[in-house]
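Residues 1 to 483, numbered by the working numbering, are exactly what the sequence shown covers, in order.
Just so you know, the hints here were simulated from the structure itself, not pulled from any lab data.
Keep in mind that this is a model prediction, so the values were computed, not measured.
Even for Gly, the Cβ is constructed at its ideal location relative to N, Cα and C.
A few of these clues could be false.
Each pair of labels, with its calculated beta carbon distance range [stated by the list, open to error]: (1) V6 with D224: 22 to 28 Å; (2) P55 with D440: 20 to 26 Å; (3) A100 with H177: 32 to 38 Å; (4) H38 with E152: 16 to 22 Å; (5) A141 with T327: 30 to 36 Å; (6) L175 with T327: 23 to 29 Å; (7) P139 with A225: 38 to 44 Å.
Here are the computed lysine to aspartate or glutamate pairs in the EDC-like style, where the Cα-Cα straight-line distance is at most 16 Å [as the list claims (entries may be wrong)]: (8) K12 with E34; (9) K12 with D33; (10) K12 with E48; (11) K11 with E443; (12) K12 with E49; (13) K11 with E49; (14) K12 with D433; (15) K478 with D444; (16) K11 with D433; (17) K12 with D444; (18) K11 with E48; (19) K12 with D45; (20) K478 with E443; (21) K11 with D47.
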Amino acid sequence: MTQTTVYAVGKKARCLAARATEPDRDQFWVGTDENDGHNELLLLDYDEERGQLIPQTFAHPHAVRWIAAPPAAVASADAEPVSASAAVDRILTCWQDGLAPGGATLWQCGATLPTTSDGWQHVADHVLMPLCRYEAHAPSAPILRMFWGPVEPGRLVGVQPTRLGLYAAERPAALRHVGLPRTTALSGAPCHFTTWAWDPQHAAHGAAAVDTAVYGYDLRAATDAPAWSLAHDAVDAWPVRALDFNPNRPSVLAVATDDGAVQLWDRRALTAPVAVTAEAAVPRAASPRLATSPPRPPPPASHGPAGAAPPPPATGETPLLSLRHHTHAARAVQFHPRHDQLLLTAGSDHRVRLESVVSVSSTPLGRVEPLAYVDSMSELPLPPAGDEAEVPRGGGAWNEDDDEDNDEDDPQADSVWEAMDARDAAGVARPTDGTVAVCDEHEDSAYAVAWSAGDPWVYASVSYNGRVIVNTVPAERKYQILL
(Lines of atoms letter the chains of each structure in order from A; the text may use other names.)
(Lines give C-alpha, C1' and ligand atoms only; values in the text may rest on other atoms or scores of the structure.)
Protein backbone atom coordinates (compact mmCIF):
# COMPACT_ATOMS: atom_id res chain seq x y z
CA MET A 1 0.00 0.00 0.00
CA THR A 2 1.43 3.36 -1.00
CA GLN A 3 0.37 6.90 -0.23
CA THR A 4 -0.21 9.14 -3.24
CA THR A 5 -0.54 12.92 -3.09
CA VAL A 6 -1.43 15.02 -6.15
CA TYR A 7 -0.89 18.76 -6.69
CA ALA A 8 -2.04 20.66 -9.78
CA VAL A 9 0.33 23.50 -10.68
CA GLY A 10 -2.19 24.95 -13.14
CA LYS A 11 0.43 25.54 -15.83
CA LYS A 12 2.60 23.43 -18.09
CA ALA A 13 5.70 22.00 -16.43
CA ARG A 14 8.52 19.71 -17.41
CA CYS A 15 11.18 19.93 -14.68
CA LEU A 16 11.42 18.97 -11.02
CA ALA A 17 14.19 18.65 -8.42
CA ALA A 18 14.44 17.73 -4.75
CA ARG A 19 15.57 20.43 -2.35
CA ALA A 20 18.35 19.50 0.07
CA THR A 21 16.86 20.45 3.41
CA GLU A 22 16.28 19.10 6.92
CA PRO A 23 16.14 15.28 7.22
CA ASP A 24 12.51 15.37 8.34
CA ARG A 25 11.24 17.53 5.46
CA ASP A 26 10.40 16.57 1.90
CA GLN A 27 10.53 19.51 -0.51
CA PHE A 28 10.52 19.68 -4.29
CA TRP A 29 11.12 22.46 -6.81
CA VAL A 30 8.88 22.65 -9.88
CA GLY A 31 9.19 25.12 -12.77
CA THR A 32 6.46 26.16 -15.21
CA ASP A 33 6.89 26.27 -18.98
CA GLU A 34 4.47 28.80 -20.48
CA ASN A 35 5.09 30.91 -23.57
CA ASP A 36 3.07 33.88 -22.29
CA GLY A 37 5.87 35.03 -19.98
CA HIS A 38 3.97 34.36 -16.74
CA ASN A 39 6.09 31.63 -15.23
CA GLU A 40 6.84 30.51 -11.72
CA LEU A 41 9.10 28.42 -9.55
CA LEU A 42 7.17 26.52 -6.92
CA LEU A 43 8.67 25.06 -3.76
CA LEU A 44 6.33 22.27 -2.67
CA ASP A 45 6.49 21.13 0.96
CA TYR A 46 5.12 17.62 1.44
CA ASP A 47 3.00 17.10 4.56
CA GLU A 48 2.73 13.33 4.86
CA GLU A 49 0.32 13.35 7.80
CA ARG A 50 -2.24 15.50 5.99
CA GLY A 51 -1.45 14.17 2.53
CA GLN A 52 -0.88 17.67 1.15
CA LEU A 53 1.66 19.61 -0.87
CA ILE A 54 1.99 23.17 0.43
CA PRO A 55 3.39 25.60 -2.18
CA GLN A 56 5.58 28.69 -2.04
CA THR A 57 5.54 30.58 -5.32
CA PHE A 58 8.38 32.61 -6.85
CA ALA A 59 7.84 34.61 -10.03
CA HIS A 60 10.28 33.56 -12.76
CA PRO A 61 10.92 35.83 -15.79
CA HIS A 62 11.07 33.05 -18.41
CA ALA A 63 9.84 29.56 -19.19
CA VAL A 64 11.72 27.08 -16.99
CA ARG A 65 13.18 24.14 -18.91
CA TRP A 66 15.50 22.68 -16.27
CA ILE A 67 16.06 22.91 -12.51
CA ALA A 68 19.30 22.06 -10.69
CA ALA A 69 19.04 22.23 -6.90
CA PRO A 70 22.45 22.68 -5.24
CA PRO A 71 23.70 20.16 -2.67
CA ALA A 72 23.65 21.03 1.02
CA ALA A 73 27.03 22.78 0.76
CA VAL A 74 28.37 24.50 -2.32
CA ALA A 75 31.35 26.74 -2.94
CA SER A 76 31.26 30.40 -3.85
CA ALA A 77 33.41 32.04 -6.52
CA ASP A 78 36.37 32.27 -4.15
CA ALA A 79 36.10 28.52 -3.46
CA GLU A 80 34.87 29.10 0.09
CA PRO A 81 31.94 26.83 0.99
CA VAL A 82 28.73 28.57 1.97
CA SER A 83 26.58 27.41 4.86
CA ALA A 84 24.04 24.66 4.32
CA SER A 85 21.19 27.06 5.07
CA ALA A 86 22.41 29.48 2.40
CA ALA A 87 22.94 26.70 -0.12
CA VAL A 88 19.39 25.38 0.11
CA ASP A 89 18.07 28.90 -0.50
CA ARG A 90 19.69 28.87 -3.94
CA ILE A 91 18.28 27.39 -7.09
CA LEU A 92 19.62 27.17 -10.64
CA THR A 93 17.33 27.26 -13.67
CA CYS A 94 17.84 26.84 -17.39
CA TRP A 95 15.23 28.85 -19.22
CA GLN A 96 13.87 29.78 -22.63
CA ASP A 97 12.82 33.30 -23.63
CA GLY A 98 10.28 32.74 -26.39
CA LEU A 99 12.04 32.29 -29.72
CA ALA A 100 15.22 33.95 -28.45
CA PRO A 101 18.13 31.88 -27.09
CA GLY A 102 17.72 30.95 -23.45
CA GLY A 103 20.20 30.87 -20.61
CA ALA A 104 21.09 29.56 -17.17
CA THR A 105 20.91 31.56 -13.93
CA LEU A 106 21.71 30.89 -10.28
CA TRP A 107 19.14 32.54 -8.01
CA GLN A 108 18.90 33.45 -4.33
CA CYS A 109 15.46 32.82 -2.87
CA GLY A 110 14.02 35.29 -0.39
CA ALA A 111 17.18 37.42 -0.51
CA THR A 112 17.59 40.70 1.35
CA LEU A 113 16.92 43.50 -1.08
CA PRO A 114 19.39 46.42 -1.36
CA THR A 115 19.02 49.32 1.05
CA THR A 116 16.43 51.80 -0.27
CA SER A 117 16.54 55.59 -0.19
CA ASP A 118 14.78 55.66 3.17
CA GLY A 119 17.61 53.68 4.75
CA TRP A 120 15.67 50.47 5.29
CA GLN A 121 16.42 46.97 4.06
CA HIS A 122 13.38 44.98 3.01
CA VAL A 123 13.23 41.18 2.91
CA ALA A 124 11.16 39.65 0.12
CA ASP A 125 10.10 36.08 0.94
CA HIS A 126 9.04 35.16 -2.58
CA VAL A 127 11.50 36.99 -4.80
CA LEU A 128 14.27 35.46 -6.88
CA MET A 129 17.46 37.52 -6.84
CA PRO A 130 19.96 36.65 -9.63
CA LEU A 131 23.40 35.70 -8.35
CA CYS A 132 25.06 34.56 -11.56
CA ARG A 133 24.10 34.15 -15.21
CA TYR A 134 26.34 31.58 -16.86
CA GLU A 135 27.86 32.32 -20.25
CA ALA A 136 27.46 29.89 -23.12
CA HIS A 137 30.22 29.21 -25.64
CA ALA A 138 28.11 30.89 -28.34
CA PRO A 139 25.05 33.15 -27.89
CA SER A 140 23.10 31.11 -30.41
CA ALA A 141 23.77 27.85 -28.53
CA PRO A 142 22.43 28.36 -24.99
CA ILE A 143 23.00 26.18 -21.94
CA LEU A 144 20.24 23.57 -21.96
CA ARG A 145 20.94 21.78 -18.67
CA MET A 146 23.30 22.15 -15.72
CA PHE A 147 24.40 19.54 -13.18
CA TRP A 148 26.00 20.09 -9.76
CA GLY A 149 29.05 17.94 -9.06
CA PRO A 150 28.47 15.36 -6.31
CA VAL A 151 32.09 15.24 -5.11
CA GLU A 152 33.71 18.65 -5.56
CA PRO A 153 31.60 21.50 -4.12
CA GLY A 154 30.67 24.30 -6.44
CA ARG A 155 31.52 22.58 -9.73
CA LEU A 156 28.90 22.32 -12.47
CA VAL A 157 28.66 20.99 -15.99
CA GLY A 158 26.57 22.94 -18.47
CA VAL A 159 25.23 21.09 -21.50
CA GLN A 160 25.18 23.12 -24.73
CA PRO A 161 24.34 21.77 -28.18
CA THR A 162 27.97 21.56 -29.30
CA ARG A 163 29.90 22.01 -26.05
CA LEU A 164 30.15 20.80 -22.48
CA GLY A 165 31.16 23.60 -20.12
CA LEU A 166 32.78 23.18 -16.70
CA TYR A 167 31.76 26.03 -14.37
CA ALA A 168 32.36 27.29 -10.84
CA ALA A 169 29.32 28.10 -8.72
CA GLU A 170 29.29 31.90 -9.06
CA ARG A 171 31.55 32.53 -12.06
CA PRO A 172 29.78 33.32 -15.34
CA ALA A 173 32.55 32.13 -17.65
CA ALA A 174 33.34 28.46 -18.10
CA LEU A 175 36.60 27.10 -16.75
CA ARG A 176 36.90 24.98 -19.90
CA HIS A 177 34.85 23.66 -22.80
CA VAL A 178 34.74 20.20 -24.32
CA GLY A 179 33.64 19.84 -27.94
CA LEU A 180 31.73 17.09 -29.70
CA PRO A 181 33.65 13.84 -30.24
CA ARG A 182 35.49 13.74 -33.54
CA THR A 183 33.59 10.65 -34.62
CA THR A 184 30.28 12.52 -34.45
CA ALA A 185 31.67 15.65 -36.08
CA LEU A 186 32.69 13.57 -39.10
CA SER A 187 29.57 11.44 -39.30
CA GLY A 188 27.58 13.92 -41.38
CA ALA A 189 24.53 13.82 -39.08
CA PRO A 190 23.46 16.88 -37.02
CA CYS A 191 24.55 15.55 -33.62
CA HIS A 192 24.29 17.50 -30.36
CA PHE A 193 24.97 17.06 -26.67
CA THR A 194 21.65 16.43 -24.91
CA THR A 195 22.34 15.51 -21.28
CA TRP A 196 25.01 14.64 -18.72
CA ALA A 197 25.51 12.49 -15.62
CA TRP A 198 28.28 12.83 -13.05
CA ASP A 199 30.20 9.80 -11.83
CA PRO A 200 29.23 9.93 -8.13
CA GLN A 201 32.67 8.88 -6.87
CA HIS A 202 35.01 10.93 -9.06
CA ALA A 203 35.29 14.71 -9.07
CA ALA A 204 35.89 15.08 -12.80
CA HIS A 205 34.37 12.00 -14.43
CA GLY A 206 30.99 11.70 -16.11
CA ALA A 207 29.03 10.68 -19.17
CA ALA A 208 27.38 12.75 -21.90
CA ALA A 209 24.69 11.79 -24.39
CA VAL A 210 25.23 12.75 -28.02
CA ASP A 211 22.16 11.88 -30.06
CA THR A 212 22.03 8.04 -29.92
CA ALA A 213 25.46 7.54 -28.30
CA VAL A 214 26.97 7.97 -24.84
CA TYR A 215 30.56 9.11 -24.21
CA GLY A 216 32.58 9.04 -21.01
CA TYR A 217 34.78 12.02 -20.11
CA ASP A 218 37.50 13.00 -17.69
CA LEU A 219 37.11 16.77 -17.47
CA ARG A 220 40.67 17.14 -16.17
CA ALA A 221 42.19 15.45 -19.20
CA ALA A 222 44.41 17.52 -21.47
CA THR A 223 42.33 16.70 -24.56
CA ASP A 224 38.65 16.62 -25.44
CA ALA A 225 38.80 12.97 -26.46
CA PRO A 226 36.30 10.77 -24.59
CA ALA A 227 37.63 7.90 -22.49
CA TRP A 228 34.97 5.38 -23.53
CA SER A 229 31.82 5.21 -25.60
CA LEU A 230 28.54 3.39 -25.95
CA ALA A 231 27.82 3.86 -29.65
CA HIS A 232 24.27 2.98 -30.60
CA ASP A 233 24.88 2.66 -34.32
CA ALA A 234 22.48 -0.24 -34.74
CA VAL A 235 19.48 0.13 -37.04
CA ASP A 236 17.10 0.48 -34.11
CA ALA A 237 19.15 3.20 -32.36
CA TRP A 238 17.11 5.90 -30.64
CA PRO A 239 18.12 9.23 -29.07
CA VAL A 240 19.20 9.16 -25.43
CA ARG A 241 16.97 11.19 -23.11
CA ALA A 242 18.47 10.64 -19.66
CA LEU A 243 21.48 9.12 -17.88
CA ASP A 244 22.23 8.19 -14.28
CA PHE A 245 25.09 6.39 -12.55
CA ASN A 246 24.52 3.92 -9.75
CA PRO A 247 25.66 5.77 -6.59
CA ASN A 248 27.12 2.61 -5.01
CA ARG A 249 28.39 0.90 -8.17
CA PRO A 250 29.49 3.81 -10.39
CA SER A 251 30.48 1.43 -13.16
CA VAL A 252 26.75 0.79 -13.74
CA LEU A 253 25.10 3.40 -15.97
CA ALA A 254 21.36 3.66 -16.68
CA VAL A 255 20.43 4.93 -20.16
CA ALA A 256 16.87 5.99 -21.08
CA THR A 257 16.00 6.26 -24.78
CA ASP A 258 13.22 7.38 -27.09
CA ASP A 259 11.97 3.85 -27.76
CA GLY A 260 10.87 3.54 -24.12
CA ALA A 261 13.81 1.37 -23.07
CA VAL A 262 15.90 1.82 -19.94
CA GLN A 263 19.11 -0.17 -20.17
CA LEU A 264 21.77 -0.69 -17.52
CA TRP A 265 25.33 -0.96 -18.80
CA ASP A 266 28.68 -1.74 -17.24
CA ARG A 267 30.90 1.04 -18.56
CA ARG A 268 34.02 -1.01 -17.80
CA ALA A 269 33.03 -3.35 -20.62
CA LEU A 270 32.57 -0.54 -23.13
CA THR A 271 35.18 0.14 -25.76
CA ALA A 272 37.24 3.24 -26.32
CA PRO A 273 35.99 5.39 -29.23
CA VAL A 274 37.34 4.38 -32.61
CA ALA A 275 39.29 7.11 -34.36
CA VAL A 276 37.67 8.14 -37.64
CA THR A 277 39.42 10.09 -40.36
CA ALA A 278 37.65 12.49 -42.69
CA GLU A 279 38.29 10.16 -45.63
CA ALA A 280 36.87 7.14 -43.82
CA ALA A 281 33.85 8.83 -42.30
CA VAL A 282 30.57 7.52 -43.64
CA PRO A 283 27.50 9.72 -43.15
CA ARG A 284 24.71 8.00 -41.30
CA ALA A 285 21.03 8.82 -41.24
CA ALA A 286 19.74 11.51 -38.95
CA SER A 287 18.17 10.36 -35.69
CA PRO A 288 14.40 9.75 -35.47
CA ARG A 289 14.12 13.04 -33.61
CA LEU A 290 15.37 14.93 -36.66
CA ALA A 291 14.10 12.78 -39.49
CA THR A 292 11.29 13.98 -41.74
CA SER A 293 10.05 10.48 -42.51
CA PRO A 294 7.38 8.79 -40.36
CA PRO A 295 8.68 7.56 -36.97
CA ARG A 296 9.95 4.04 -36.70
CA PRO A 297 7.57 1.49 -35.21
CA PRO A 298 8.25 0.37 -31.64
CA PRO A 299 10.74 -2.49 -31.32
CA PRO A 300 9.26 -5.97 -30.98
CA ALA A 301 8.40 -7.04 -27.47
CA SER A 302 11.10 -9.01 -25.75
CA HIS A 303 10.46 -12.65 -25.00
CA GLY A 304 10.60 -14.14 -21.57
CA PRO A 305 9.70 -12.44 -18.26
CA ALA A 306 9.09 -8.70 -18.04
CA GLY A 307 12.31 -6.75 -17.93
CA ALA A 308 14.37 -9.52 -19.53
CA ALA A 309 17.30 -8.38 -21.63
CA PRO A 310 16.62 -8.25 -25.40
CA PRO A 311 18.96 -9.77 -27.98
CA PRO A 312 22.38 -8.05 -28.07
CA PRO A 313 22.61 -4.88 -30.20
CA ALA A 314 24.31 -5.03 -33.57
CA THR A 315 27.43 -3.49 -32.04
CA GLY A 316 28.03 -6.59 -29.95
CA GLU A 317 27.73 -4.62 -26.70
CA THR A 318 25.22 -6.16 -24.30
CA PRO A 319 23.51 -4.38 -21.38
CA LEU A 320 23.47 -5.89 -17.91
CA LEU A 321 19.71 -5.44 -17.79
CA SER A 322 17.11 -4.09 -20.20
CA LEU A 323 13.74 -2.73 -19.05
CA ARG A 324 11.22 -2.22 -21.84
CA HIS A 325 8.07 -1.34 -19.93
CA HIS A 326 7.38 2.15 -21.32
CA THR A 327 5.34 2.20 -24.53
CA HIS A 328 6.68 5.63 -25.54
CA ALA A 329 9.86 7.60 -24.90
CA ALA A 330 11.57 7.10 -21.54
CA ARG A 331 12.31 10.67 -20.44
CA ALA A 332 13.83 10.28 -16.98
CA VAL A 333 15.74 7.71 -14.94
CA GLN A 334 17.13 7.97 -11.42
CA PHE A 335 18.70 5.50 -9.00
CA HIS A 336 17.84 5.71 -5.33
CA PRO A 337 20.68 7.73 -3.73
CA ARG A 338 21.28 5.05 -1.05
CA HIS A 339 19.38 1.87 -1.87
CA ASP A 340 20.60 1.37 -5.40
CA GLN A 341 18.37 -1.64 -6.02
CA LEU A 342 15.53 0.86 -6.57
CA LEU A 343 15.25 2.71 -9.89
CA LEU A 344 12.72 5.34 -10.97
CA THR A 345 11.74 5.84 -14.62
CA ALA A 346 9.26 8.17 -16.31
CA GLY A 347 7.94 8.22 -19.84
CA SER A 348 5.73 9.83 -22.45
CA ASP A 349 3.21 7.04 -21.84
CA HIS A 350 2.08 9.02 -18.75
CA ARG A 351 3.58 6.46 -16.39
CA VAL A 352 6.16 6.57 -13.62
CA ARG A 353 7.63 3.20 -12.71
CA LEU A 354 9.49 2.07 -9.61
CA GLU A 355 11.70 -0.86 -10.57
CA SER A 356 13.75 -3.30 -8.53
CA VAL A 357 17.15 -3.92 -10.14
CA VAL A 358 18.71 -5.80 -7.24
CA SER A 359 20.63 -8.16 -9.54
CA VAL A 360 22.87 -5.31 -10.74
CA SER A 361 22.98 -3.36 -7.48
CA SER A 362 25.69 -3.23 -4.82
CA THR A 363 23.84 -6.03 -2.97
CA PRO A 364 22.95 -8.44 -5.77
CA LEU A 365 21.41 -11.85 -5.22
CA GLY A 366 23.97 -14.41 -4.18
CA ARG A 367 26.55 -11.91 -2.91
CA VAL A 368 27.50 -10.36 0.39
CA GLU A 369 29.08 -6.95 -0.02
CA PRO A 370 31.36 -5.34 2.60
CA LEU A 371 29.53 -3.44 5.30
CA ALA A 372 30.88 -0.20 3.84
CA TYR A 373 27.89 -0.30 1.51
CA VAL A 374 25.41 -0.08 4.39
CA ASP A 375 24.94 2.55 7.06
CA SER A 376 23.97 0.33 9.97
CA MET A 377 23.33 -3.27 10.87
CA SER A 378 19.64 -2.68 10.18
CA GLU A 379 20.38 -2.23 6.47
CA LEU A 380 21.96 -5.52 5.53
CA PRO A 381 23.09 -7.03 2.25
CA LEU A 382 21.04 -9.74 0.65
CA PRO A 383 21.47 -13.45 1.37
CA PRO A 384 22.26 -15.99 -1.36
CA ALA A 385 19.51 -17.03 -3.74
CA GLY A 386 19.51 -20.60 -2.42
CA ASP A 387 21.09 -22.96 0.07
CA GLU A 388 23.60 -24.18 -2.51
CA ALA A 389 24.44 -20.78 -4.01
CA GLU A 390 28.08 -19.87 -4.30
CA VAL A 391 28.59 -16.73 -2.28
CA PRO A 392 31.82 -14.71 -2.28
CA ARG A 393 32.85 -13.66 1.20
CA GLY A 394 35.48 -11.06 1.86
CA GLY A 395 35.83 -10.34 -1.86
CA GLY A 396 37.08 -13.81 -2.91
CA ALA A 397 35.36 -16.68 -4.67
CA TRP A 398 33.65 -19.06 -2.28
CA ASN A 399 34.69 -22.66 -2.18
CA GLU A 400 34.04 -25.57 0.10
CA ASP A 401 37.61 -25.82 1.39
CA ASP A 402 37.97 -22.37 2.90
CA ASP A 403 34.40 -21.80 4.07
CA GLU A 404 35.26 -22.79 7.62
CA ASP A 405 38.26 -20.47 7.69
CA ASN A 406 36.14 -17.60 6.41
CA ASP A 407 33.65 -18.11 9.21
CA GLU A 408 36.43 -17.92 11.77
CA ASP A 409 38.33 -15.00 10.26
CA ASP A 410 35.40 -12.76 9.33
CA PRO A 411 33.22 -11.98 12.38
CA GLN A 412 31.47 -9.21 10.47
CA ALA A 413 30.33 -11.69 7.84
CA ASP A 414 29.07 -13.96 10.64
CA SER A 415 26.99 -11.09 12.00
CA VAL A 416 25.56 -10.48 8.56
CA TRP A 417 24.62 -14.12 8.12
CA GLU A 418 23.05 -14.31 11.59
CA ALA A 419 20.89 -11.28 10.85
CA MET A 420 19.86 -12.70 7.47
CA ASP A 421 18.98 -16.04 9.08
CA ALA A 422 16.78 -14.14 11.51
CA ARG A 423 15.11 -12.37 8.58
CA ASP A 424 14.42 -15.68 6.86
CA ALA A 425 13.04 -17.12 10.10
CA ALA A 426 10.67 -14.15 10.35
CA GLY A 427 9.35 -14.92 6.87
CA VAL A 428 10.55 -11.70 5.21
CA ALA A 429 10.87 -12.26 1.46
CA ARG A 430 14.09 -11.43 -0.32
CA PRO A 431 13.97 -8.65 -2.94
CA THR A 432 14.04 -9.71 -6.58
CA ASP A 433 14.13 -7.93 -9.93
CA GLY A 434 10.82 -6.64 -11.26
CA THR A 435 8.32 -3.81 -11.13
CA VAL A 436 7.61 -2.58 -7.60
CA ALA A 437 4.97 0.06 -8.35
CA VAL A 438 3.45 1.93 -11.30
CA CYS A 439 1.96 5.43 -11.08
CA ASP A 440 -0.50 5.95 -13.95
CA GLU A 441 -2.27 9.03 -12.58
CA HIS A 442 -0.43 11.47 -14.83
CA GLU A 443 -2.64 12.54 -17.72
CA ASP A 444 0.24 13.74 -19.89
CA SER A 445 3.87 12.88 -20.56
CA ALA A 446 5.85 12.41 -17.35
CA TYR A 447 9.03 14.44 -17.75
CA ALA A 448 10.94 14.22 -14.48
CA VAL A 449 11.32 12.22 -11.28
CA ALA A 450 13.20 12.91 -8.04
CA TRP A 451 13.89 11.13 -4.77
CA SER A 452 13.31 13.24 -1.68
CA ALA A 453 16.39 14.56 0.11
CA GLY A 454 14.51 14.04 3.40
CA ASP A 455 12.58 10.78 3.73
CA PRO A 456 14.47 8.23 1.57
CA TRP A 457 11.23 6.40 0.74
CA VAL A 458 9.43 9.40 -0.80
CA TYR A 459 9.67 10.33 -4.48
CA ALA A 460 7.94 12.82 -6.79
CA SER A 461 7.20 13.17 -10.49
CA VAL A 462 5.81 15.87 -12.77
CA SER A 463 3.94 15.71 -16.07
CA TYR A 464 3.62 18.28 -18.82
CA ASN A 465 0.10 19.28 -17.80
CA GLY A 466 1.49 20.51 -14.46
CA ARG A 467 0.46 17.59 -12.29
CA VAL A 468 2.91 16.81 -9.47
CA ILE A 469 2.50 13.44 -7.78
CA VAL A 470 4.28 12.33 -4.61
CA ASN A 471 4.46 8.62 -3.85
CA THR A 472 6.12 6.39 -1.27
CA VAL A 473 7.91 3.08 -1.65
CA PRO A 474 5.54 0.25 -0.66
CA ALA A 475 6.08 -0.81 2.95
CA GLU A 476 6.60 -4.44 1.96
CA ARG A 477 9.51 -3.54 -0.32
CA LYS A 478 10.95 -1.18 2.27
CA TYR A 479 11.07 -3.92 4.90
CA GLN A 480 12.57 -6.37 2.43
CA ILE A 481 15.44 -3.93 1.90
CA LEU A 482 15.97 -2.95 5.54
CA LEU A 483 15.52 -6.27 7.33
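* So which of the earlier hints does this model not fit? -> 1, 3, 4, 6, 7, 10, 12, 13, 14, 15, 16, 18, 19, 20, 21
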